[in-house]
Amino acid sequence: MGTLSPIAPGLWTDEVEPQLIGGAHKDSGRIVFPMPDGDAANAYDAVLLAREGTLWSWTVQGFEPKAPYTGPKPFAPYGVGYVELPGQVIVETRLTVTSSLKIGMPMRLVIEPFGDRATFAFAPAGDPA
Amino acid sequence: MTDVCIIGAGIHPFGRTEGRSGRDQGVFAVRQALADAGIEWPDIQFAYGGSSSSGAADIIVNDLGLTGIPIVNVSNGCATGGSSLASAYSAIASGEFDIGLAVGFDKHDRGAFNASPADYGLPEWYGETGMMLTTQFFALKLQRYMALNGISRRTLGLVAEKAFENGARCEHAWRRSPVDLDTILNAPMVNDPLTKYMFCSPAEGGVALILASEKKARELGIMPVRLKAAVMRTRPPGSFEVFAPSLDVQRGPSPTVVASKAAFEKAGIGPEDVDVAQLQDTESGAEIMHMSENGFCADGDQEQWFAERRTHITGALPVNTDGGCLACGEPIGASGLRQVYENVVQLRGRGGARQVPGSPKVAYTHVYGAPGVSACTVLTV
Numbered sequence: 001m002g003t004l005s006p007i008a009p010g011l012w013t014d015e016v017e018p019q020l021i022g023g024a025h026k027d028s029g030r031i032v033f034p035m036p037d038g039d040a041a042n043a044y045d046a047v048l049l050a051r052e053g054t055l056w057s058w059t060v061q062g063f064e065p066k067a068p069y070t071g072p073k074p075f076a077p078y079g080v081g082y083v084e085l086p087g088q089v090i091v092e093t094r095l096t097v098t099s100s101l102k103i104g105m106p107m108r109l110v111i112e113p114f115g116d117r118a119t120f121a122f123a124p125a126g127d128p129a
Numbered sequence: 001m002t003d004v005c006i007i008g009a010g011i012h013p014f015g016r017t018e019g020r021s022g023r024d025q026g027v028f029a030v031r032q033a034l035a036d037a038g039i040e041w042p043d044i045q046f047a048y049g050g051s052s053s054s055g056a057a058d059i060i061v062n063d064l065g066l067t068g069i070p071i072v073n074v075s076n077g078c079a080t081g082g083s084s085l086a087s088a089y090s091a092i093a094s095g096e097f098d099i100g101l102a103v104g105f106d107k108h109d110r111g112a113f114n115a116s117p118a119d120y121g122l123p124e125w126y127g128e129t130g131m132m133l134t135t136q137f138f139a140l141k142l143q144r145y146m147a148l149n150g151i152s153r154r155t156l157g158l159v160a161e162k163a164f165e166n167g168a169r170c171e172h173a174w175r176r177s178p179v180d181l182d183t184i185l186n187a188p189m190v191n192d193p194l195t196k197y198m199f200c201s202p203a204e205g206g207v208a209l210i211l212a213s214e215k216k217a218r219e220l221g222i223m224p225v226r227l228k229a230a231v232m233r234t235r236p237p238g239s240f241e242v243f244a245p246s247l248d249v250q251r252g253p254s255p256t257v258v259a260s261k262a263a264f265e266k267a268g269i270g271p272e273d274v275d276v277a278q279l280q281d282t283e284s285g286a287e288i289m290h291m292s293e294n295g296f297c298a299d300g301d302q303e304q305w306f307a308e309r310r311t312h313i314t315g316a317l318p319v320n321t322d323g324g325c326l327a328c329g330e331p332i333g334a335s336g337l338r339q340v341y342e343n344v345v346q347l348r349g350r351g352g353a354r355q356v357p358g359s360p361k362v363a364y365t366h367v368y369g370a371p372g373v374s375a376c377t378v379l380t381v
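Chains as they are written, first to last, in our numbering: chain A, 1 to 129; chain L, 1 to 381.
Hints should not be assumed to be uniformly reliable.
Below, simulated DMTMM-like cross-link-like pairs (lysine to aspartate or glutamate); rule was C-alpha separation at most 20 Å, straight line [to be verified]:
1. A:Lys73 <-> A:Glu17
2. A:Lys26 <-> L:Asp248
3. L:Lys215 <-> L:Asp36
4. A:Lys66 <-> L:Glu272
5. L:Lys196 <-> L:Glu165
6. L:Lys196 <-> L:Asp109
7. A:Lys66 <-> L:Asp180
8. L:Lys215 <-> L:Asp43
9. A:Lys66 <-> L:Asp119
10. L:Lys261 <-> L:Glu272
11. L:Lys196 <-> L:Asp180
12. L:Lys361 <-> L:Asp275
13. L:Lys361 <-> L:Glu214
14. L:Lys196 <-> A:Glu64
15. A:Lys102 <-> A:Glu84
Simulated from the structure, these hints should not be mistaken for laboratory data.
Starting from the given sequences, assemble the full structure and let the hints guide the process.
Written out as structure tokens, the structure reads:
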């Protein structure tokens with residue numbers, strides 16, 4: 001996906017095996033995603049997040065969202081979930097599939113096209129890359 | 001501190017009213033509440049109010065009269081009404097005023113709400129990629145809750161079935177026809193596991209409540225409903241809220257748990273004393289989860305409660321006796337006040353076809369809003 005520009009800068013590392021970039025709070029160590037910006041960023045250190053985790057919850061978006069949604073036309077239902085990256089943080093993410101989802105299943109980070117840009121998503125870890 | 005009483009309640013029917021603005025629906029409700037209390041607009045010393053889509057609440061003075069009173073416009077998402085009431089409660093409990101108004105009204109466009117990321121301090125990509133939807137949050141919270149606590153899809157259907165049954169008996173409800181369980185379960189999926197009939201819709205309506213000190217209520221010769229507690233709380237660490245790009249691995253309780261506990265403490269009673277409850281049911285699962293978050297049952301017990309119809313009007317703890325958000329729809333500014341209105345009706349024994357039998361004495365409300373606000377009340381007679 002190196003040819004497509006990311007939906008926003010600073011969300012993941014630009015490498016063959018990309019990682020999401022979170023923020024670890026300097027005092028509490030609490031991790032958030034994405035890395036905060038503006039003055040809030042001063043309280044956080046950037047931290048690389050695990051590429052694999054487990055599905056914490058999921059749903060399928062069955063209707064086309066209103067603005068500011070900019071997804072592909074025509075609309076097709078897509079998966080949305082939270083993936084727990086062990087010991088780090090639980091991130092909300094698009095899912096690459098809409099069926100056979102089960103809480104606790106292993107998931108893996110992928111970068112996928114989103115219109116003419118790229119965004120992050122998680123895929124079942126058993127799927128071929 | 002004085003006891004705070006509700007001495008007047010008014011409502012504009014929820015749903016869709018062509019040709020009548022949100023503000024007009026609010027003014028309609030205020031006039032009805034004034035008549036109910038037997039007082040006039042110039043008797044009102046202050047007001048708190050809110051609307052999300054129909055302008056600032058203080059514009060009602062254009063219609064009701066320029067009496068110069070302070071009016072604070074409240075904006076707390078779906079908990080706007082509850083927050084208005086909590087503020088009005090404090091104004092009277094403090095002794096500064098002895099009669100005032102909490103009002104809410106709204107008129108929303110059709111279809112799901114769409115939020116702006118910037119309004120919630122979130123990056124634009126979060127909305128662009130289709131993750132910033134309230135319906136998704138409800139489904140995500142529920143999906144996990146069901147898996148961990150053994151709640152079935154059928155029970156989600158039973159919640160909606162009850163809502164439409166109750167709505168059919170309630171003159172201020174929007175959905176006035178029962179819907180059978182199969183239709184609910186087999187309807188198009190909106191956000192798995194929730195079908196179309198399991199979600200409430202944005203709507204229109206207005207509610208007004210007149211609050212007074214106990215002394216004032218006595219002077220007016222009104223048999224009041226006592227507002228024993230009206231509290232609002234924001235989210236604690238580790239709670240799971242709408243519009244959250246990430247969650248802490250260390251999980252914590254919801255703002256509802258915190259607000260509910262505070263309300264019961266303040267009222268000096270417990271969930272076991274409650275005779276009728278109105279719980280935020282923006283979708284079927286919310287009612288189920290809020291039953292336990294408000295302390296009425298343990299996680300997972302809801303499956304049994306619904307099998308035994310314990311939250312139906314004739315059950316041990318009737319919940320959402322006017323059909324709740326599912327049957328009334330959700331005009332944001334008015335919704336939390338509708339719950340309190342319904343409890344006032346029930347405590348006065350004026351519920352007609354939906355009246356809870358056995359003269360209920362203690363009533364409870366709970367409303368939840370983005371991004372993690374809950375407001376609860378306890379009413380007694």
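Proposed proximity, L:Glu272 with L:Lys261 (alpha carbon, max 20 Å): This hinted pair holds, its Cα atoms lying about 13 Å apart.
20 Å limit on alpha-carbon distance, applied to hinted pair L:Lys196 and A:Glu64: Within the cut-off at roughly 14 Å; holds.
Distance restraint between L:Lys196 and L:Glu165, which requires alpha-carbon spacing of 20 Å or less: holds, 17 Å
Distance restraint between A:Lys66 and L:Asp180, which requires alpha-carbon spacing of 20 Å or less: With a Cα-Cα distance of about 30 Å, the restraint between A:Lys66 and L:Asp180 is violated, given a limit of 20 Å.
Restraint check for A:Lys66 with L:Glu272, where alpha carbons must lie at most 20 Å apart: Judged against 20 Å, a Cα distance of about 43 Å means the pair is violated.
Satisfaction of hint between L:Asp43 and L:Lys215, Cα-Cα up to 20 Å: The hint holds at about 15 Å.
Straight-line alpha-carbon gap A:Lys73 to A:Glu17, limit 20 Å: Measuring from Cα to Cα gives roughly 29 Å; hence the hint is violated.
Pair hint outcome, A:Lys102 versus A:Glu84 [Cα-Cα no greater than 20 Å]: Distance of about 13 Å is within 20 Å: holds.
Proposed proximity, L:Asp180 with L:Lys196 (alpha carbon, max 20 Å): holds, 13 Å
Proposed proximity, L:Asp36 with L:Lys215 (alpha carbon, max 20 Å): holds, 18 Å
Hinted pair A:Lys26 and L:Asp248, Cα distance within 20 Å: Judged against 20 Å, a Cα distance of about 15 Å means the pair holds.
Proposed proximity, L:Asp119 with A:Lys66 (alpha carbon, max 20 Å): Status holds; Cα separation ~16 Å.
In terms of the numbered hints stated before, the structure departs from hints 1, 4 and 7, listed from lowest to highest.
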